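As you go down the protein sequences, you meet chains W and X in turn. One point on numbering: in the numbering used here, the residue at position 325 of the first sequence is 325, and numbering is uninterrupted. One point on numbering: in the numbering used here, the residue at position 101 of the second sequence is 1101, and numbering is uninterrupted.
Just so you know, these hints were derived from the structure itself, not from any lab. Predicted model only: the values in this text are computed from it and were never measured. Incorrect hints may have been included.
Unchecked claim - Footprint (simulated), chain X over chain W, 3 or more residues, beta carbon under 8 Å:
#: 1; segment: 71 to 84
#: 2; segment: 192 to 206
As the list claims (entries may be wrong) - Using 27 Å as the maximum straight-line C-alpha spacing, the simulated DSSO-like pairs for lysine-lysine come out as follows:
#: 3; chain 1: X; residue 1: K1150; chain 2: X; residue 2: K1101
#: 4; chain 1: X; residue 1: K1080; chain 2: X; residue 2: K1018
#: 5; chain 1: W; residue 1: K303; chain 2: X; residue 2: K1018
#: 6; chain 1: W; residue 1: K151; chain 2: W; residue 2: K189
#: 7; chain 1: X; residue 1: K1080; chain 2: W; residue 2: K303
#: 8; chain 1: X; residue 1: K1148; chain 2: X; residue 2: K1114
#: 9; chain 1: X; residue 1: K1007; chain 2: X; residue 2: K1018
#: 10; chain 1: X; residue 1: K1007; chain 2: W; residue 2: K303
#: 11; chain 1: X; residue 1: K1116; chain 2: W; residue 2: K463
#: 12; chain 1: X; residue 1: K1116; chain 2: W; residue 2: K303
#: 13; chain 1: W; residue 1: K353; chain 2: W; residue 2: K341
#: 14; chain 1: W; residue 1: K120; chain 2: W; residue 2: K353
#: 15; chain 1: W; residue 1: K463; chain 2: X; residue 2: K1080
#: 16; chain 1: X; residue 1: K1148; chain 2: X; residue 2: K1080
As the list claims (entries may be wrong) - Example chain X residues on the side facing chain W (calculated, C-beta under 8 Å, incomplete):
#: 17; residue: A1032
#: 18; residue: L1034
#: 19; residue: I1035
#: 20; residue: E1036
#: 21; residue: V1070
#: 22; residue: F1076
#: 23; residue: T1093
#: 24; residue: A1094
#: 25; residue: I1097
#: 26; residue: A1129
#: 27; residue: L1132
#: 28; residue: A1134
#: 29; residue: L1137
#: 30; residue: V1147
Backbone N, C-alpha and C fix where the C-beta goes; we use that ideal spot for every residue, glycine too.
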Amino acid sequence: MSEQPVAARPMRRRVITEDVHEGPVRAHAYVCEAASCMSAQAHDIMLRIGESAADAGLTDVVVKRVGCLGLCAAGPLVEIPETGQLFERLTPDDAATVVAALKAVRPTDERQPQGPFFEKQLRVATENMGRIDPESLEDYVERGGYEALRKVLADMTSSEVRDEITRSGLRGRGGAGFPTGLKWTTVAKAEGKQKYVICNADEGDPGAFMDRSVLESDPYRILEGMAIAAFAVHATEGYIYCRAEYPLAVARLRTAIRNAQRAGFLGAGIAETSFHFDVQIRLGAGAFVCGEETALIASVEGKRGTPRPRPPYPAVEGLFDCPTLINNVETFANVPTIVRKGAQWYADIGVGKSKGTKVFALAGRIVNTGLVEVPMGMTLREIVYDIGGGIIDGRPFKAVQTGGPSGGCIPAEHLDTPVSYESLIELGSFMGSGGMIVMDDTSCMVDVAKYFMDFCRDESCGKCVPCRVGTTQLWMLLDLITRGRATMADLAQLERLAGIVRRMSLCGLGQGAPNPIFSTLRYFRDEYLAHIVDRVCPAGVCTLEQPVEVMA
Amino acid sequence: MPALYTKPSPPTDDRRWKIVETRMRRMGDRPAALIEALHAAQEAFGYLDEGALHFVGDTLGVPHSRVYGVATFYSFFTLKPQGEHTCVVCTGTACYINGSKEILAGLERDLGVKPKQTTADGKVSLLTARCLGACSLAPAAIIDGDVKGKVSAGDLVAQLEAM
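With the rest of the complex left out, here is chain W (with noise of 0.2 Å):
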């Protein structure tokens, strides 16, 4: 298997790991395994960069595997971190190039900037990412790890836990952007004797690959931050709750877990402590109504993952009836390095309610595909152009998508607005977990509107009427306007029926289900009426049906 450990290839020993290696290291080969370079045999580019370096003699490099590096749009990647040199496009025959590279590194050399794709941005959750071996316990408290959660246990109570996650400002950054120093406040005062606490790793948003990313590029951080909060709520078991489409994570978790179990980072006694906490992997099933915090409950019971009304809230009764934490895997990610370094220092990055960093998954039409990680309050326009490089051909630019399904599409007069949880709210959209899809003008928004609405009928769990009656209803009203049906009463019948979903529906995927029809009606209603009223399609992705003349 392609996840064999590369120390255990004797042979190429010398080269590759640095637990075996002897003498002084004058250069690294970072080689991105993360699931998208993975892809693109990875795997293969680092055994033979190994051979190619043993070849060549050189004994004082470290080839190794970490995780992402960020810009997927050129993977595979390899980065030399001595010089910040880095590779791209790579197939195995170039090992050669890397290895001359390597050979060339002088002692003296300095770390050059990398473009602004990695200079502009900023990074918490994602520190570790693309530094270290994704499974390596010893490269995860190198570069400090466990130091916060030793500190936890050493010189803080549960309250100043709780006391400085509040004053760090953080908020879920599963979406809908709830104050987290005030969940765990909730779960620590909820009476019970059992507690959990949950991370959602179900990171269902269609063309959101943050969480895929930290978790198979920094696994011991989530570890750590749910060790972190179980202490700061009383818990003393977890749960995360993971994507069976994540094979890689789930694979790089459980050996984290395993490893930290080992190493008395997790079960009983963490860190010559009294504290226990073990932590649990519950596989979802592809049911995207699961992120969605009562149905996640339901489906780590073994049930159907349909949502109940609320209250009560899971910190009060949550899973099995007690109360529970549930936080994002972002979320989680922040937690350690707020604590190492203190809520001011965090409190100070961002901008108004929103405090700290956010990362984002580029996809679609925009040329630097990847993940990154910028501080809040940084303009569309940044994110897209200068760390994005731009629209893929040089087209243009029509709108940016961010949310997911219960999201909106955000237009170009829009670029310049200061990212935020309340800012996006404002233009009609939503931060969600943080995918941003680029769309240029080979885009139709009503086709996308009715893209979204196909994947929550789809999606709905089937609980609640207005949610499975009504995205059905919508989308055959999308429908019939993509196919040159509709009359502009079926427009006007599309608003209010959409009016209706989002009111009366009972959880987060219903009510935000009609927010695409919301944003794209409000930025692009000259293309609803175009395909309403002139019959035409002005991206040319709908193909309507043209009015027969009618012989008087």
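Please arrange chain X on chain W, whose structure you already have, making use of the hints.
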């Protein structure tokens, strides 16, 4: 006299049932293990047949109706045997705006099946996924577990035919 509880036995003497039994036992044979047990059974056998659903339900003390409800609620579970090879086309947003609709249409035409169906010769099952999280490779597909990036319908059909 109270009825004696007898542990249900697997539907066949296939050794793979051991894996499923172990996974359930590790979770205390409790109803909460249902989804994990179905994952184990599907990993072992490729799909969930009636025997598997009954066995899992009986072991965990979950009514058959609820087992069936859970197995059909989650799209990851399949109650039909899969073809020799599977081709999963991603229909996530990034793939959609990069043309996954055309790719799927091309595959449907060339393979002569709709999504969730298997070709008549049992060679290929065509499936779709909501999002593979491989958005940087859009449009993406998975053939037998290997993620393929920036694909076209022609490439995929050629690769499937070569297998």
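Evaluated hints:
no. : hint               : in the structure
1   : 71 to 84           : holds (count 3)
2   : 192 to 206         : holds (count 4)
3   : X:K1150 to X:K1101 : holds, 14 Å
4   : X:K1080 to X:K1018 : holds, 22 Å
5   : W:K303 to X:K1018  : holds, 23 Å
6   : W:K151 to W:K189   : holds, 23 Å
7   : X:K1080 to W:K303  : holds, 21 Å
8   : X:K1148 to X:K1114 : holds, 20 Å
9   : X:K1007 to X:K1018 : holds, 14 Å
10  : X:K1007 to W:K303  : holds, 22 Å
11  : X:K1116 to W:K463  : holds, 24 Å
12  : X:K1116 to W:K303  : holds, 24 Å
13  : W:K353 to W:K341   : holds, 20 Å
14  : W:K120 to W:K353   : holds, 22 Å
15  : W:K463 to X:K1080  : holds, 26 Å
16  : X:K1148 to X:K1080 : holds, 25 Å
17  : A1032              : holds, 4 Å
18  : L1034              : holds, 4 Å
19  : I1035              : holds, 5 Å
20  : E1036              : holds, 7 Å
21  : V1070              : holds, 5 Å
22  : F1076              : holds, 4 Å
23  : T1093              : holds, 4 Å
24  : A1094              : holds, 4 Å
25  : I1097              : holds, 5 Å
26  : A1129              : holds, 7 Å
27  : L1132              : holds, 6 Å
28  : A1134              : holds, 6 Å
29  : L1137              : holds, 6 Å
30  : V1147              : holds, 4 Å
Consistency note: the structure conflicts with none of the earlier hints.
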